[in-house]
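Chains A and B, in that order, are what the protein sequence lines are.
Per my numbering, residue 772 is the first one in the first sequence, and the count goes up by one each step.
Per my numbering, residue 772 is the first one in the second sequence, and the count goes up by one each step.
In short, the hints are calculated from the structure, not lab data.
Where is the CB? At the ideal position from N, CA and C, for every residue including glycine.
It cannot be assumed that every hint is accurate.
Claimed, not checked - 30 Å max Cα-Cα, derived DSS-like pairs, lysine-lysine: (1) B:Lys-1175 <-> A:Lys-985; (2) B:Lys-1008 <-> A:Lys-1121; (3) A:Lys-1175 <-> B:Lys-865; (4) B:Lys-1282 <-> B:Lys-1234; (5) A:Lys-865 <-> B:Lys-814; (6) B:Lys-985 <-> A:Lys-814; (7) B:Lys-1282 <-> B:Lys-927; (8) B:Lys-1033 <-> A:Lys-814; (9) B:Lys-1175 <-> A:Lys-1175; (10) B:Lys-1282 <-> A:Lys-985; (11) A:Lys-814 <-> B:Lys-1282; (12) A:Lys-927 <-> B:Lys-865; (13) B:Lys-1282 <-> A:Lys-1033; (14) B:Lys-1008 <-> A:Lys-1033.
Stated by the list, open to error - Negatives, chain B to chain A, calculated, CB over 10 Å: (15) Asp-818; (16) Thr-848; (17) Glu-852; (18) Glu-854; (19) His-873; (20) His-875; (21) Gly-899; (22) Gly-902; (23) Ala-1034; (24) Ala-1035; (25) Thr-1123; (26) Gly-1157; (27) Lys-1175; (28) Thr-1225; (29) Phe-1247; (30) His-1262.
2 protein chains.
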Amino acid sequence: MQGQRNASVPSCSLQSWTEWTCEESKFQTIFNMDSREFRRRGKEMVDYIADYLDGIEGRPVYPDVEPGYLRALIPTTAPQEPETYEDIIRDIEKIIMPGVTHWHSPYFFAYFPTASSYPAMLADMLCGAIGCIGFSWAASPACTELETVMMDWLGKMLELPEAFLAGRAGEGGGVIQGSASEATLVALLAARTKMIRQLQAASPELTQAALMEKLVAYTSDQAHSSVERAGLIGGVKIKAIPSDGNYSMRAAALREALERDKAAGLIPFFVVVTLGTTSCCSFDNLLEVGPICNQEGVWLHIDAAYAGSAFICPEFRYLLNGVEFADSFNFNPHKWLLVNFDCSAMWVKKRTDLTEAFNMDPVYLRHSHQDSGLITDYRHWQIPLGRRFRSLKMWFVFRMYGVKGLQAYIRKHVKLSHEFESLVRQDPRFEICTEVILGLVCFRLKGSNQLNETLLQRINSAKKIHLVPCRLRDKFVLRFAVCSRTVESAHVQLAWEHIRDLASSVLRAEKE
Amino acid sequence: MQGQRNASVPSCSLQSWTEWTCEESKFQTIFNMDSREFRRRGKEMVDYIADYLDGIEGRPVYPDVEPGYLRALIPTTAPQEPETYEDIIRDIEKIIMPGVTHWHSPYFFAYFPTASSYPAMLADMLCGAIGCIGFSWAASPACTELETVMMDWLGKMLELPEAFLAGRAGEGGGVIQGSASEATLVALLAARTKMIRQLQAASPELTQAALMEKLVAYTSDQAHSSVERAGLIGGVKIKAIPSDGNYSMRAAALREALERDKAAGLIPFFVVVTLGTTSCCSFDNLLEVGPICNQEGVWLHIDAAYAGSAFICPEFRYLLNGVEFADSFNFNPHKWLLVNFDCSAMWVKKRTDLTEAFNMDPVYLRHSHQDSGLITDYRHWQIPLGRRFRSLKMWFVFRMYGVKGLQAYIRKHVKLSHEFESLVRQDPRFEICTEVILGLVCFRLKGSNQLNETLLQRINSAKKIHLVPCRLRDKFVLRFAVCSRTVESAHVQLAWEHIRDLASSVLRAEKE
């Protein structure tokens, strides 16, 4: 076989690699980050991290840089020779930090929270050191097995129906995805495959393309853009159901769309219900929509990316009522459950729906991989092949906080959002735009969109706090999301006083 | 708006959250992992990691556990009350480590390497602490900008054509994906959208579904399964081109398939060339295949997941010749370039091909997001929305090793694989199955597949070293991949002696 390589690809000769010995010994000399050095630098980094988080309140929450700022500060090519660690660590404050949006500042109220806790960081350090790539059971049994059990733990905290748990012999189970977007996509692909197989079993003459043209997925007009994107990637139609006055998808609107589309010869196959929308944390009516999906034989996926963490509290669990109608359910512990990104928790009732979705020949697969309650090959549950040992983060966080600690954390955030809400309500110039249920408050100045855009611009230019807006129907609305692990009542009060002062100034300017 | 919620969803009353004050103060008491405690525990973890990696040689490389081992060792539910850190850390050695496949043991020769280095681990600690979610430029400018510049640095190390670099005003650029599978999928989706738009521009009456039915993607029969999977997800046909005697995709076979399919009314739109296949590290003939793709107006994606890292060495750069024909190129620094998982580097010549692929209405997007050389919103380049600050790992590794240090590292591994190759060649009972070009040696006992399967089974049961097999045509072949950062000649020698001894025993048993 040797010597037969294509003429256009010159072979690497044996002579060449024997010359590298001197290079290699040089390598030993020039690079000295051995374990001894790591012990020193690692401990310095631990202190740097603690200092950073202890002092984060003192940094402007939003950076004061212009696009392209960083390129001017660093060389155009990588160095040929190694640099010292001191050089690099000095550049963190000089080059990186000035351009960081500090998501963990107690003055960060933008988007939704992203989780951060010390136990999760410790677990992530260990994850990096073990550095296994757990695509199959054999690639690192502990990585796969801890994930399955942690997903059961979390499922039980949420009081998920038994069917979603792996247990020792369940047909369902959980998996850690990288993001809610991936979970939605995986669910949509599984639903697509399942429906196409069902239809082809009944009518073998139908091609996949002919069927895909007729498949329709549905979601609320308030759903996250990743749902539309999943439809686009999967090559199927996706329709937005008009939500009601509370930004909630209801039975009537969904049923109308289903009937209209079926009458037109289309095939409904997938519905995404959102619990806690990105814009205003509204909830689709799962108890109404769920039974319709089951009657119609349509896959029901629940996206509770942000709100899901709250369901561990008994007083918020009602928001998940109807989950028993779903085929798949997802939320992001990396948002609000103190598990650092990434950790998006997804459960399915039938794991074979996922594992068969990605295979041309599921029968063959079923024989070569025993995807039973015991051996799980998570690579068949997700888009990527490789995967980190992310369940360590859940294990550390769940054990160090305990369920009670996690519940107390959620409650603290909800309390702070209600505190902000009542401050806003006391000021007659403002209005609350949607019911405050969890940690998000949607509010605005009574008046024009332009007025509110100006106010937001003033808020974000001042860089004392950071907010992002949303649009609710035709209204420009400000979102105040309780985000940081360390945010307290005092921060919320200061944020409100700051907003109120800027509002006064904006309103004065308007009158002049 | 308040008070209008669906009757089926009870409202969360204001009374309930005022009761949480006592819970909250309890939370402060029971949970005490503050920054002071983190400083202590973090430093202990640094030492644990250094101890683990210093002592990894002493652990059996492959775990001795049965499926389901872990569930029996831990409780069935999360604890209600917080546990102590001591409890958790004790369980690492008791519950986790017995089930870990030690990918960084110098006796691990399975799959391909996964990267691990101390500078990358330090950077990842910092990444976790900053904890920003860099989906857009504004979400953390440093996160986006460092990534763009690091991808330029790396592109220059590989001598990529200028068109792939972002520079200050380039049309191309790089992005960090989570895995090569995602990069292939993203490229396929971009190619699909581009081709459908072109065809619809010429024939507006054609529906997307009608076109998708005709689209065909091509790859070698040696390509990774993720390529077939990308086709399945994208809902397009994917055809395997028979490779030649060197497991290389050549012009003639590809041209034959293209002509046959075009004659049948199909539309070729995407070709994946593999540089360094998973089975045997063979190389498709890029210099032959590239011009065909360009002539046919077909998107060319290069998957060099493993081999790509070697292209930073001038003596291996020839393997990338022809990259100028490609539309997209990907390899995994998280395999062989000392950047811990995940870090899959992908470049495109036209960033708008990616950013427009995921949008129903690209014109609208073009207006609302200025995806110029200055402002990049990486969420439009990838499947997930969220993203970690992964470029910090590249920055630390490139600077602490320097290009010369990275080259020396690659060369050391290639040298060791040649060393193993020459040991195998000295034993007439064995054969080398494919040319050894980089760090992978494919070898087998001369004789039946059964014989080789028995040998592999003996090797992996002994747990002194760990290998995985592959199939090349009808032959069962053993793969010896140089993997660990700390593997030295002595480990390779010991591994060979061990394999040789087991082979003797297997051959003796066969004769009896």
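The hints, checked one at a time:
Restraint check: the Cα-Cα separation between B:Lys-1175 and A:Lys-985 comes to about 56 Å, which exceeds 30 Å; the hinted pair is violated. Proposed proximity of B:Lys-1008 and A:Lys-1121 is supported: the alpha carbons are some 27 Å apart, at most 30 Å. Proximity of A:Lys-1175 to B:Lys-865 is assessed by CA-CA distance (about 26 Å); at most 30 Å being required, the pair is judged to hold. Under the criterion of a C-alpha separation no larger than 30 Å, the hint pairing B:Lys-1282 with B:Lys-1234 is consistent with the structure, at around 25 Å.
For the proposed pair A:Lys-865 and B:Lys-814, the alpha carbon gap of about 25 Å is at most 30 Å, so the pair holds. Only pairs whose Cα atoms come within 30 Å are accepted, and B:Lys-985 paired with A:Lys-814 is rejected, the gap being roughly 58 Å. At most 30 Å may separate the alpha-carbon atoms for a hinted pair to count; B:Lys-1282 and B:Lys-927 exceed this at roughly 56 Å. Simply put, B:Lys-1033 and A:Lys-814 have alpha-carbon atoms about 62 Å apart, too far for the 30 Å limit, and the pair is violated.
For the given pair, B:Lys-1175 sits about 52 Å from A:Lys-1175 by alpha-carbon distance, which is inconsistent with the 30 Å threshold. Between the alpha carbons of B:Lys-1282 and A:Lys-985 the distance comes to roughly 63 Å, so the proposed pair goes past 30 Å and is violated. This hinted pair does not check out: A:Lys-814 and B:Lys-1282 have alpha carbons roughly 58 Å apart, beyond 30 Å. As the CA atoms of A:Lys-927 and B:Lys-865 are separated by approximately 24 Å, the hinted pair is consistent with the 30 Å bound.
Simply put, B:Lys-1282 and A:Lys-1033 have alpha-carbon atoms about 69 Å apart, too far for the 30 Å limit, and the pair is violated. Distance hint between B:Lys-1008 and A:Lys-1033 is fulfilled; the C-alpha atoms sit about 28 Å from each other, no more than 30 Å. Consistency note on B:Asp-818: stated as away from chain A, yet its beta-carbon is not over 10 Å from all of that chain's, at 6 Å minimum. The Cβ of B:Thr-848 does not lie farther than 10 Å from every Cβ of chain A; its closest approach is about 5 Å, which violates its non-interface assignment.
A cut-off of 10 Å between C-beta atoms contradicts the statement that B:Glu-852 is not in contact with chain A; the least separation is 5 Å. Non-interface call for B:Glu-854 relative to chain A: violated, since the shortest CB-CB distance, roughly 5 Å, does not exceed 10 Å. With a cut of 10 Å on Cβ distances, B:His-873 falls inside the contact zone with chain A, its closest approach being about 8 Å. With a cut of 10 Å on Cβ distances, B:His-875 falls inside the contact zone with chain A, its closest approach being about 6 Å.
Once the 10 Å rule is applied to beta carbons, B:Gly-899 is inconsistent with being away from chain A; the minimum gap is 5 Å. Chain A draws B:Gly-902 into its interface by the beta-carbon criterion, the shortest separation being 5 Å against a cut-off of 10 Å. Once the 10 Å rule is applied to beta carbons, B:Ala-1034 is consistent with being away from chain A; the minimum gap is 19 Å. No Cβ of chain A comes within 10 Å of the Cβ of B:Ala-1035; the nearest lies about 14 Å off, and the non-interface call holds.
With a cut of 10 Å on Cβ distances, B:Thr-1123 stays outside the contact zone with chain A, its closest approach being about 16 Å. The beta carbon of B:Gly-1157 is not kept farther than 10 Å from every beta carbon of chain A, the shortest such distance being approximately 5 Å. Listed as a non-interface residue, B:Lys-1175 fails to keep its Cβ farther than 10 Å from every Cβ of chain A; the least gap is roughly 6 Å. With a closest Cβ-Cβ approach of about 18 Å to chain A, B:Thr-1225 is found to remain outside the 10 Å limit, as its non-interface label requires.
Non-interface call for B:Phe-1247 relative to chain A: holds, since the shortest CB-CB distance, roughly 15 Å, exceeds 10 Å. With a minimum CB-CB distance of about 15 Å to chain A, B:His-1262 clears the 10 Å threshold, and the non-interface call stands.
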